[in-house]
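J.: The hints should help you fit chains B and C onto chain A, whose structure is shown.
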Amino acid sequence: MIPLKAYLVLSALLFGIGLAGALSRRNAIMVLIGIELMLNAANLNFIAFWRFHPGTEPLAGVMFVLFSIAIAAGEAAVGLALIIAIYRHYKTTNLDRMDSLKG
Amino acid sequence: MTFMAMITCLPHMLLLANPDEWLVRLKQTIVHWLPGPWQFVISSLITIAVLIAVFGALFAVATLIERKGLGRIQNRPGPNRVGPYGVLQPMADAVKMLIKEDVVPRAADRVVHFLAPLVLVAPVMLAFSVIPYGQGLVPINLDAGVLFFFAVGAASELAVFMAGWSGHNKYSLLGAMRAIAQMISYEIPLVLSTVTVVMMVGSLSLVQIVAAQGGYWWGVIPRWNIFAPWGLAGFVVFMIAAIAESNRSPFDLPEGESEIIAGFLTEYSGFKYAVFFMGEYFGMFAISGLAITLFLGGWHAPLPYLGWVPSFLWFFGKLFIFLFVFIWLRGTLPRLRMDQLMNYAWKCLLPLALINIGVAVIWRFTAGWPGPLRWLVCALLIVLAFVWLEKTWMKSRELKPRTYHYAS
Amino acid sequence: MQAAFFIIAALIVIGGLAAMLVRKLVHAVLWLMVTLASLAALFLLLGAQFVGFAQILVYVGAVAILIVFAILLTRNSEWAKAGRLASPSWLVGVGIAGLATGCLIASILASSIPPGVPVPPAASVADIGQKLMTEYVLPLEAVGLLLTAAMIGAVIIAMPEDKRG
Chain A
1 MIPLKAYLVL
11 SALLFGIGLA
21 GALSRRNAIM
31 VLIGIELMLN
41 AANLNFIAFW
51 RFHPGTEPLA
61 GVMFVLFSIA
71 IAAGEAAVGL
81 ALIIAIYRHY
91 KTTNLDRMDS
101 LKG
Chain B
1 MTFMAMITCL
11 PHMLLLANPD
21 EWLVRLKQTI
31 VHWLPGPWQF
41 VISSLITIAV
51 LIAVFGALFA
61 VATLIERKGL
71 GRIQNRPGPN
81 RVGPYGVLQP
91 MADAVKMLIK
101 EDVVPRAADR
111 VVHFLAPLVL
121 VAPVMLAFSV
131 IPYGQGLVPI
141 NLDAGVLFFF
151 AVGAASELAV
161 FMAGWSGHNK
171 YSLLGAMRAI
181 AQMISYEIPL
191 VLSTVTVVMM
201 VGSLSLVQIV
211 AAQGGYWWGV
221 IPRWNIFAPW
231 GLAGFVVFMI
241 AAIAESNRSP
251 FDLPEGESEI
261 IAGFLTEYSG
271 FKYAVFFMGE
281 YFGMFAISGL
291 AITLFLGGWH
301 APLPYLGWVP
311 SFLWFFGKLF
321 IFLFVFIWLR
331 GTLPRLRMDQ
341 LMNYAWKCLL
351 PLALINIGVA
361 VIWRFTAGWP
371 GPLRWLVCAL
381 LIVLAFVWLE
391 KTWMKSRELK
401 PRTYHYAS
Chain C
1 MQAAFFIIAA
11 LIVIGGLAAM
21 LVRKLVHAVL
31 WLMVTLASLA
41 ALFLLLGAQF
51 VGFAQILVYV
61 GAVAILIVFA
71 ILLTRNSEWA
81 KAGRLASPSW
91 LVGVGIAGLA
101 TGCLIASILA
111 SSIPPGVPVP
121 PAASVADIGQ
131 KLMTEYVLPL
141 EAVGLLLTAA
151 MIGAVIIAMP
161 EDKRG
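Protein chains in written order, with this note's numbering: chain A, 1 to 103; chain B, 1 to 408; chain C, 1 to 165.
Bound conformation, chain A alone (with noise of 0.2 Å):
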């Protein structure tokens, strides 16, 4: 069997490869994409616990992971709307070109 040590390795290189994405790429929508690889890695932690240390509560790990994709859905579609919003004054989606508010 599968241990849960194995899930949680995996859970952080996916943690690492979004944290990677989101800071050093260049798009505003890729940085969304990273923070989307982010919230799937927290998932999969709270499912891994859930499946192998269930606790008092037996159902806490899913319902958490529920709640969390409900809120990462708000949270791509209000992150898009800026961009979108962004978009329309600057003309672009490069995150190093929105610069007007420095010195």
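Simulated from the structure, these hints should not be mistaken for lab results.
Since we're looking at a predicted model, the values are computed, not measured.
C-beta: ideal position from N, C-alpha, C; glycine also.
Don't take each hint at face value.
On the chain C side, residues computed to face chain A include the following (Cβ under 10 Å) [to be verified]: (1) Ala9; (2) Trp31; (3) Ser89; (4) Gly102; (5) Pro139.
T.: Quick look at chains B and C alone, frame taken from chain A:
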């Protein structure tokens, strides 16, 4: 069980037992011979093979019926050259599609262009796996069957986008955008009308939804959901949304040949086009199967004394009636305009579906009332609430000559 | 079971890496969908059926389409031209991410977490429904409110300014 024993008991099974049971038992007998670890694999493979064979054959029959039926509606004979009365036309079509040149535009994204038809067909085939076709004839009885159906159905939107985007053709992309906007808009009333059934049955399992519709009121009227007022309204919403989901006329804007030259299918030819075509028909079968399961009692017989007919025949009989209605609508209704399509989903179907959920709750808590009174009150509530809402809130602008925003 | 885990895990990691590295945004979304669908498969493997289906319904059905529409509405972002993909400070970003991942993996491997129960806990749809309507009804309402607010907010933000009134 040995081979001889099986041979001797086969006629017994055929004659005495319920035909649904012998289908299941035949499979069990075949699987029983095999060594332990193979049983699960072979059992699954048999089920998959049967599903593909049945629906593949149904696809061929459906194209023939559609072409013949449309021909009759339009006062022409339809295909009549291949075989007697043209019954071998699907074979000829298949051969034609297979030997046609597979054109891929030079600017196309080859990988995505290749994957799009597969991404469309595979999820639809998965959707077949949760529908109960007869008593005990369900490939997988999932606890969350309805959710599974809609989850795999969601992948078709991505497939349509892949098809439209990969061709690098503006008509493809426009068609795909139209198709996605339409599918997302109509998915909401589709799911909301399903929710009423799920609420009343108290289960997301399609097998339990069918089981809840067994039996008859006063010994004649089957206890199907469509015979309750919320079921009737839900069925109407569901069917309109289902026609739109499967991109059929009168909601076939994404593929409108006369406006955007077949939309996301523009850049497809030959075998890939055939796969798309098959995917759309499979989608139509799957959503009709879901409608039958949710509202028309699944495999239950319409009259109590017809219970001896094998249950899967009832299911497929109902499926053919749906097929006929789909073709009939295609032959008689003109195509909608894009703004009409959107308005219809958001301002008409969505309120009706929401009202329907409310009335379903009332129905649920008036179980003690005499039948006809309860029916009448609930039906009136739906009609009055809907009419009032449309009259006061959703009032459409007064009729005036059409104004063109983008063409001048 | 073991083979299934390794195939799915490979798909998740490859999909995630590809999503972050490819040049075309639409390809990135498609790779993201490979990752998220494999993740749903992993949830099914772990016995969380409802969550797996919800994951596919929400991500493949809704989030993918949202991102794709955003890409098409910001047209010149679709083709990252010959320019660089990464921002000038990408080395710092990758370094921070690598360090964080390294710390996480090292601490996971070093921890003495017990192996846990071998049988998956039961999570039938009926149980989840019961819990959602009793114990978790307040979070459920809050999520409903949040999604409504997000929807209205997204519509207003994305609306052209001359139409906002």
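J.: So, for every hint listed, does it hold in this structure?
T.: A quick look at each hint next to the structure:
1. Ala9: holds (5 Å)
2. Trp31: holds (9 Å)
3. Ser89: holds (7 Å)
4. Gly102: holds (8 Å)
5. Pro139: Given a least distance of 6 Å, the restraint on proline 139(C) holds.
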